[in-house]
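Enquirer: So the sequence lines, in the order shown, correspond to chains A and B. Heads up: the first sequence runs through residues 178 to 338, numbered per the numbering used here. Heads up: the second sequence runs through residues -7 to 193, numbered per the numbering used here.
Hints may be right or wrong, so weigh each one.
Claimed, not checked - The following residues of chain A were derived to be distant from chain B, with all beta-carbon distances above 10 Å:
| no. | residue |
| --- | --- |
| 1 | Pro213 |
| 2 | Leu237 |
| 3 | Ala273 |
| 4 | Glu323 |
As the list claims (entries may be wrong) - Computed cross-link-like contacts, DSS-like style, restricted to lysine-lysine with a CA-CA straight-line distance of at most 25 Å:
| no. | chain 1 | residue 1 | chain 2 | residue 2 |
| --- | --- | --- | --- | --- |
| 5 | B | Lys141 | B | Lys87 |
| 6 | B | Lys141 | A | Lys192 |
| 7 | B | Lys87 | B | Lys60 |
| 8 | A | Lys192 | B | Lys175 |
| 9 | B | Lys140 | A | Lys192 |
| 10 | B | Lys87 | B | Lys140 |
| 11 | B | Lys175 | B | Lys141 |
| 12 | B | Lys35 | B | Lys141 |
| 13 | A | Lys192 | B | Lys190 |
| 14 | B | Lys87 | B | Lys35 |
| 15 | B | Lys175 | B | Lys87 |
| 16 | B | Lys175 | B | Lys140 |
| 17 | B | Lys140 | B | Lys190 |
| 18 | B | Lys35 | A | Lys192 |
| 19 | B | Lys35 | B | Lys66 |
No lab work stands behind these hints: they were computed from the structure. From the three backbone atoms N, C-alpha and C, an ideal C-beta is built for every residue, glycine too.
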Amino acid sequence: MNWEHDLAGEDQELKQALRHFKTSMDTWSDAAMSRPRMVAKTSVRHSWRRVASWAMGCLLAAGSLAVGVHAIYHGQQMAKLSAQKTAQQAAVEQVASGQETALPASAQAAETASVPETKAVKGNASAQDKDLLASVDRALSRTVPEAMEPLAQLMDDNEAQ
Amino acid sequence: MRRTKASTKMMAAGTAVSPMTAEAAEEIASEEFAQIVASHRPKIYRFLLASLRDVDLAETLTQECFLKAHRNWKEFRGESSAMTWLMRIAINLQKDYWRSRRIQFWRQTRTNTVDLAEASEWLPSGERNAEQQMLAREQVAQVWRAVKKLSERQRTVFLLRYVEERELNEIAEATGLSEGTVKAHLSRALGRVRTELKGTP
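Modelling step: build the complete structure from the supplied sequences, incorporating the hints.
Expert: As structure tokens, this is what we get:
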């Protein structure tokens, strides 16, 4: 062996140990290189598993995406509906407040003074509206043609009684 | 070196030799590489097996070594011998492997590393008697124990010298160390083996 001159002054035990180590490695290496190899035939199964896992993964991803999109769309629709409702309510309230301006000042003062009584006041307001319309009708009905004047006078008398 | 020499020879010969086509050069190169693989594969495998003590891993890294060599075969200029060049690739591969093992210490990597007792079982079945066989096995086990205690660089240098029987300048070239450093590593490694053989810690 070409390294033995390195160990000229060394004891025989070291040289022998290194020689045994070298022959041991040679034997092991030769045996390992010439051993029969096992070829695994699992490639097809593995590919199926891989395809199945990919498909499942894609399905899960698509499902979660669809749920997310639906949730966002639903939320938008609900927001639109609530906005429409709010707008309608605001319009109704505006109309109601417009009618309230025609009410007497005392009724308005009472309304602003007691907020819990607002609903009752609104009910009264609609009754007063009817009375108002009736009085307007009456005022209009008074202006009748001259030929009908005696008859209108009779109706007024009847109402007065 | 191979094809450069061949083309130089052709130029020197002048018109006597017809110019080599690219296909022919490719064919010669692949034939040369096949010869290199056939002659050097057992040595590379043995070195990696001694370094890693893992039969399958040594085979994988041997294949990787020759794959890398094949990819870079065109760049190999023949400044060193093919064996030294291949050994350098193998050393780098096993270095990368140990580095990745250290980085991934938290990962439960499956290894087939054989223990020292099993590695010591390999002895040629000569005409030695049982006592001599036992003594040889014990000595091999002691060397393995010493090798296990060596640093990565010391182990590489020790295995290249005492298993692969490389010359000091070849070891220096393969490891990228100076000859003096190689000698120092060898001296320390031998000291460790000597201590192990004497049975002192």
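Enquirer: Compare the structure with each hint and give your call.
Expert: Right, here's what the structure says about each hint:
Interface exclusion of A:Pro213 from chain B stands, the closest Cβ pair being 12 Å apart, more than 10 Å. The claim that A:Leu237 is not at the interface with chain B holds, since no C-beta of that chain comes within 10 Å of its own (minimum 27 Å). No beta-carbon of chain B comes within 10 Å of the beta-carbon of A:Ala273; the shortest separation is about 73 Å. Separation of A:Glu323 from chain B is adequate, the least Cβ-Cβ distance of about 113 Å exceeding the 10 Å criterion.
At roughly 17 Å between alpha-carbon atoms, B:Lys141 and B:Lys87 fall within 25 Å of each other, so this suggested pair holds. A hinted pair counts as satisfied when its Cα atoms are at most 25 Å apart, and B:Lys141 with A:Lys192 qualifies at roughly 19 Å. Taking the CA atoms of B:Lys87 and B:Lys60, the gap is about 15 Å. The hint holds against a cut of 25 Å. For the hint linking A:Lys192 to B:Lys175, the alpha-carbon distance of about 17 Å falls within 25 Å, and the restraint holds.
Between B:Lys140 and A:Lys192 the alpha-carbon distance is near 19 Å, which keeps this suggested pair within the 25 Å criterion. Straight-line distance between C-alpha atoms of B:Lys87 and B:Lys140 comes to about 15 Å, which keeps the hinted pair within the 25 Å bound. At most 25 Å may separate the alpha-carbon atoms for a hinted pair to count; B:Lys175 and B:Lys141 meet this at roughly 18 Å. Straight-line distance between C-alpha atoms of B:Lys35 and B:Lys141 comes to about 23 Å, which keeps the hinted pair within the 25 Å bound.
Proximity of A:Lys192 to B:Lys190 is assessed by CA-CA distance (about 13 Å); at most 25 Å being required, the pair is judged to hold. Of the supplied pair hints, the one linking B:Lys87 and B:Lys35 holds, its CA atoms being roughly 18 Å apart against a limit of 25 Å. For the hint pairing B:Lys175 with B:Lys87, the CA-to-CA distance comes to about 20 Å; that is within 25 Å, so the pair holds. The suggested pairing of B:Lys175 with B:Lys140 holds, with an alpha-carbon distance near 19 Å, which does not exceed 25 Å.
Using a Cα cut-off of 25 Å, the hinted pair B:Lys140 and B:Lys190 holds, with the two alpha carbons roughly 17 Å apart. A distance of roughly 22 Å separates the Cα atoms of B:Lys35 and A:Lys192; the hinted pair therefore holds under the 25 Å criterion. A threshold of 25 Å between alpha carbons decides the hint, and for B:Lys35 with B:Lys66 the separation of about 22 Å falls inside it, so the pair holds.
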